[in-house]
Each structure stands twice: as C-alpha cells, then as structure tokens.
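Enquirer: So the sequence lines, in the order shown, correspond to chains E and Z.
Take any residue in the first sequence, count from 1 to its spot, add 69: that is its number in this note's numbering.
Take any residue in the second sequence, count from 1 to its spot, add 69: that is its number in this note's numbering.
Accuracy of the hints is not assured; some may be wrong.
A pair holds if it fits inside one copy or across any two, identical chains being indistinguishable in the list.
Straight line, CA to CA, 25 Å or less: simulated SDA-like cross-link-like pairs of lysine to any residue [claimed, not checked]:
(1) K274 <-> L125
(2) K159 <-> R201
(3) K155 <-> L228
(4) K101 <-> L126
(5) K101 <-> H378
(6) K159 <-> L361
(7) K372 <-> A266
(8) K372 <-> A181
(9) K155 <-> E301
(10) K185 <-> D233
Simulated from the structure, these hints should not be mistaken for lab results.
Number of protein chains: 2
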Amino acid sequence: MANSQIDVVVQEVGLRDGLQSIAATMPTADKKCWIDAEYAAGVRHMEVASFVPARLLPQMADADEVIAHALTYSDLTVTALVPNLKGAEKALASGVHRIVAPISVSAAHSMANVRKTPMDMIEEFRRIRELRDATRPGTVLIAGLSTVFGCTLQGDVPLADVRDVVLRSLQAGADIVALADTTGHATPGQVDRFFSALRPLSPEKLSVAHFHDTRGMALPNTMVALQHGIREFDASLAGIGGCPHAPGATGNVATEDLVFMLESLGYRTGIDVAQLLAAREIIRTVLPDASLYGALARAGLPKGYRPAHQIEKAVA
Amino acid sequence: MANSQIDVVVQEVGLRDGLQSIAATMPTADKKCWIDAEYAAGVRHMEVASFVPARLLPQMADADEVIAHALTYSDLTVTALVPNLKGAEKALASGVHRIVAPISVSAAHSMANVRKTPMDMIEEFRRIRELRDATRPGTVLIAGLSTVFGCTLQGDVPLADVRDVVLRSLQAGADIVALADTTGHATPGQVDRFFSALRPLSPEKLSVAHFHDTRGMALPNTMVALQHGIREFDASLAGIGGCPHAPGATGNVATEDLVFMLESLGYRTGIDVAQLLAAREIIRTVLPDASLYGALARAGLPKGYRPAHQIEKAVA
Numbered sequence: 070m071a072n073s074q075i076d077v078v079v080q081e082v083g084l085r086d087g088l089q090s091i092a093a094t095m096p097t098a099d100k101k102c103w104i105d106a107e108y109a110a111g112v113r114h115m116e117v118a119s120f121v122p123a124r125l126l127p128q129m130a131d132a133d134e135v136i137a138h139a140l141t142y143s144d145l146t147v148t149a150l151v152p153n154l155k156g157a158e159k160a161l162a163s164g165v166h167r168i169v170a171p172i173s174v175s176a177a178h179s180m181a182n183v184r185k186t187p188m189d190m191i192e193e194f195r196r197i198r199e200l201r202d203a204t205r206p207g208t209v210l211i212a213g214l215s216t217v218f219g220c221t222l223q224g225d226v227p228l229a230d231v232r233d234v235v236l237r238s239l240q241a242g243a244d245i246v247a248l249a250d251t252t253g254h255a256t257p258g259q260v261d262r263f264f265s266a267l268r269p270l271s272p273e274k275l276s277v278a279h280f281h282d283t284r285g286m287a288l289p290n291t292m293v294a295l296q297h298g299i300r301e302f303d304a305s306l307a308g309i310g311g312c313p314h315a316p317g318a319t320g321n322v323a324t325e326d327l328v329f330m331l332e333s334l335g336y337r338t339g340i341d342v343a344q345l346l347a348a349r350e351i352i353r354t355v356l357p358d359a360s361l362y363g364a365l366a367r368a369g370l371p372k373g374y375r376p377a378h379q380i381e382k383a384v385a
Numbered sequence: 070m071a072n073s074q075i076d077v078v079v080q081e082v083g084l085r086d087g088l089q090s091i092a093a094t095m096p097t098a099d100k101k102c103w104i105d106a107e108y109a110a111g112v113r114h115m116e117v118a119s120f121v122p123a124r125l126l127p128q129m130a131d132a133d134e135v136i137a138h139a140l141t142y143s144d145l146t147v148t149a150l151v152p153n154l155k156g157a158e159k160a161l162a163s164g165v166h167r168i169v170a171p172i173s174v175s176a177a178h179s180m181a182n183v184r185k186t187p188m189d190m191i192e193e194f195r196r197i198r199e200l201r202d203a204t205r206p207g208t209v210l211i212a213g214l215s216t217v218f219g220c221t222l223q224g225d226v227p228l229a230d231v232r233d234v235v236l237r238s239l240q241a242g243a244d245i246v247a248l249a250d251t252t253g254h255a256t257p258g259q260v261d262r263f264f265s266a267l268r269p270l271s272p273e274k275l276s277v278a279h280f281h282d283t284r285g286m287a288l289p290n291t292m293v294a295l296q297h298g299i300r301e302f303d304a305s306l307a308g309i310g311g312c313p314h315a316p317g318a319t320g321n322v323a324t325e326d327l328v329f330m331l332e333s334l335g336y337r338t339g340i341d342v343a344q345l346l347a348a349r350e351i352i353r354t355v356l357p358d359a360s361l362y363g364a365l366a367r368a369g370l371p372k373g374y375r376p377a378h379q380i381e382k383a384v385a
C-alpha cells in the first residue's frame, strides 16, 4: 500500500509489549513472519524487541535477529525498548531508528519494572541521551511514561506527578514523550483533563499515546487524544499484552480495532484492516494458549467494507 | 440515588432487546428482581417488554405482569415495544409511559422483523399514533428506526433512505425518533456523517441513539453522538442482546460500560456503576448459558473509583 498520505501513525507493539506478557516464547522465525505480515498490511512503525537480560525476559532474547530482519524493510521505522544504559548501548548498536526508555510515574511500578525510582530512571535517561548523542545522534529517543493514568500497585497517579515527570523527561533530552496507560486505568474524561494540562508543555514532543483496553476505554480514550492533536498510537495485534509488573492489566488496544476506528473517522493509516485480521492467525497458531482480544475479529468486517476516505473526504 | 441532576439518560433495554435474543425464558420473578436491582442502582428509564404474540417470542409472554411491577416505581419511566397496532392496544392498556414501534430502514430486515415493508410500517405507525391520541394521549410514541447504519441482510443502508424514513416517521406523528444500529455496523465516522445530516431535520425529536457493540464501536459511536447533542442512550446490562432477525448481530453496549464512560466525561447519569456490576449476577445465575459481555466486568472498577463529577466540574 502507498504510505505517502498518512494522517495517523499506528505503531505495532505486540512483538514487544504483547510477547513480553506471554509466558511462552515465540520462535524467531514466527516473529519474522509477523513482521512480514504487518508490513504487507501497510504497517510502517513497529516496536519489535526490548534489550533486557534474557534470564528476565527470555521472550526477547532474539532482539538483535528480530531487529535485523525488521531493518531489511527500508521504509519501516523500527523501535526497541531499553530499560537502562546497558540496554541502550545494545539497541543503538543494533541500528534501530528509535529507542524508548520506560519512565514510570508511579514509584511502586518503577521499582517493580526497572528497579529504580522515577528520579533515578530520569538520570539514567539523561545518560542514555548522552550516549545517543555521542554514538548515534540520528536515533530518536523516546521517554515512554508509564502508569500515567493510574497504577494497580499505587492506585491513583496525581496529575501533578505526571506533569513533573514530563518536564524532567523533556529536560533530560527526550525527543518524544509518549504517555502510556500501562494498567488500563484511563477514562476519556481523565484523558481530556490530562492532555489539556500536559500537551501545552510541549505540543510537538507530547505526540504519542499508548492505551490498554482493560476496561474497554481504549478507543474512547483514543477519540479524546485525537481531539487533542495526538497523531501516533501504539497497539497490539489481537490486543495481546499487559505488563508483567502491573497485576490485572490486560492487553493493549487491538491494532485492527484501532485502525478500523481511525479509518472510519477519515484518518488515513496506510493500513489494510482485512490483512491485519488475517495476520492474527500467526499468533493464534504459534501461541495457542495466549488470550486474544479485539471486537472486530468476532464479527469480521461489514460486508462491502471500504475505508471512509475511499467513500468521501475526511470528516475529522 | 437522587435523580434530580441528570445530564444523560441511560435506558436499560436488556429486559426487552436482551432477553428476546436469548432462547431461554427468564422467569417473571427474576425479571422483577432485575428491575429492582437496576432501580436501586439509580436507573430511571427501562424498556421492559414487548407486545408480540407469545408463540413468536415466549420470552415476552409476561409483558403485562413485568410492566405492572415496573410501574410500582413512581419515578421510573417504563417503555414497551410494539410491532403493530394490536400490540400498541395492549401496551397502551398496560399503562406504560412510552411505546416504541420499530421501523426498519432496510426493507429486508423490516420484512423479517415485522412482516411489513418500511412504508407499510410507517402507515401502521400512523394508526398507532391515532389510537394513542384517542385513548391515552399522555403516552409518548417513539419511532425506533432500526438498521439505520447497515444491515446484515441488505448490507449498506444509504443515508438517503434513512433520511426518508426519518421524515416520514416525523410526519406520521413520532414524538421521538430513535436511531438504532441494530446490527452493529455503525462506525464513529458514519455516526458523525449521519447525525450531521439527520439531526437538523428535528433536533428535539432525534434525541435517542441505540448502539450495539458487535465490532467494538459502541462507545466511540456514543462519543460522537454526544458531540451531536444526543442525551439518551439505550444499553443492556452485561451487553446481552442482538436481534433474532439480524444474523451475527451481537449484544447492545453494556449498560455498566456506558455509564462508566459517561460518568468519566462528567455527565451525570444518576446511576451507580458498582451496583450495576453487581446486578450482572442476576443474569449469570438465571441464564447460565447466555453470553455476557462488557469490559468493565473483566477488570472491575479501579481501586478508589469515584465518578468524575465527584472529583471536579464536568469537562464535556
């Protein structure tokens, strides 16, 4: 599919956020098939691995090989997650286009996830930035703010805390600050309040949102984020995902449901939703015990489905 | 709960739209318990029965008794569905506050559902209006336009057809015209286009929307309808429902998910979502084979949940 006219970027994160939450390890060859299928469907942004010790997350032990495969597609933007400076060294060496370092606003989640306080993680982020500048200045550095809208460990996360971590992440050199509802707490009203308060801090850099569908609010939350000008969203094929250190958090919003909604609103994603639906079979076949989500897959596309921008001009 | 400040009406239709789609018949005593539980949760609008021949829908054979029970609550607005003049006679005699007659925009669905063409059904609607005026002029008459956004039998439903049926329903004397996505075809972009075109025909009377969650779009669709000023929505506890004459159509939007979203946006519904979640047990216990839906029930309310209007002023 032509990628020239894209209004909203949908980044597939199932290969990282999804697979890290599933006990079984997907074989490398199947990860490559998944990348191939999503690329064929038109997906041009994928977070495909994280650089964490294999003893902690064996599901990600093949990060270098998976990234090398993704990089064979010249117009695919490849992202890797790094929990610390050591991971960042490896990620930068791998040649990914973007690295994302998670910074939890909730101290309890931060300790469980990266064994650092939020402030210590911001210091680590500053060191990652220095390394990036010294070694691969072309690599985009993303601060992935997690537990922004609530935390199963801590409970409420005050907006003032989020604001503080956003400002410190910007000061530490983030090119992009992504706001993530790691645990599926966000509601549309809250997303409205938070983006109203936070986006003015840096409208260019606060440009990415990451919603989980734990309580069915991922798509309504996306609607609100769109109204605030957000134009990049993370999603997982078949809605797989969660967080190993956030009890009760179920999957990311399903990529296919998100694309279906965005296209209905006239936003061009460049992605063929029918091909995404077909790609679910890879996960179903390789990981038969994994819980798959997503409403569109239950009913299938409506008969004669066409994206809205093929019917008339964009309305949103 | 106090019902004095309501921004958005949520009408429970599970007792009609939900139960008619489930093969097993819920005993009358359990229907009364369900009404009691939702009333206790703050629900003040319920569609509790339909007046169709018991040989066609034995699930609704106890309509008079269920309605009589609902009417014992003096501030509960009770609605019944009627497919024809004969049903309307019975409904008017029962003392319900509102009767809704379904008018399918899709001719294929109309024939399957009421054995009449849409135009014949509009003539029947006119006769119902005359009967209402002559016998119980205080009863509100709703035209329930079905298959507005698509039809599993017909496929696409042109906006021009919907516009025509809306105008004819108004001419035939509808007090309210409700737009229903009977088969779960609607997308947010389509809802935006349709309401933009239709609401100006009668902003006061086109005031109700009815969404199914077949493809996960019910809540995003509700967000769009809210933007167009719609302030009454149908929903089914646990998302039960569908349509016996619309193959593949799954349930209505879950009442508890809808209330959770509306309250997060600062709209007062008067409904306690925790009590709604508890009321699901009635359906689960009495109809153990029924498919229950709803995302909120999977994860439960967030720890320390409070409706947004208890936190700060409404934002929407």
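Enquirer: Each hint: holds or not?
Expert: Here is how each hint holds up against the structure:
| no. | hint | result |
| --- | --- | --- |
| 1 | K274 <-> L125 | neither (31 Å within a copy, 60 Å between copies) |
| 2 | K159 <-> R201 | within (11 Å within a copy, 76 Å between copies) |
| 3 | K155 <-> L228 | neither (31 Å within a copy, 58 Å between copies) |
| 4 | K101 <-> L126 | within (19 Å within a copy, 52 Å between copies) |
| 5 | K101 <-> H378 | neither (31 Å within a copy, 48 Å between copies) |
| 6 | K159 <-> L361 | neither (31 Å within a copy, 47 Å between copies) |
| 7 | K372 <-> A266 | between (42 Å within a copy, 23 Å between copies) |
| 8 | K372 <-> A181 | between (46 Å within a copy, 19 Å between copies) |
| 9 | K155 <-> E301 | neither (27 Å within a copy, 55 Å between copies) |
| 10 | K185 <-> D233 | within (17 Å within a copy, 63 Å between copies) |
Comparing the model with each numbered hint stated earlier shows that hints 1, 3, 5, 6 and 9 do not hold.
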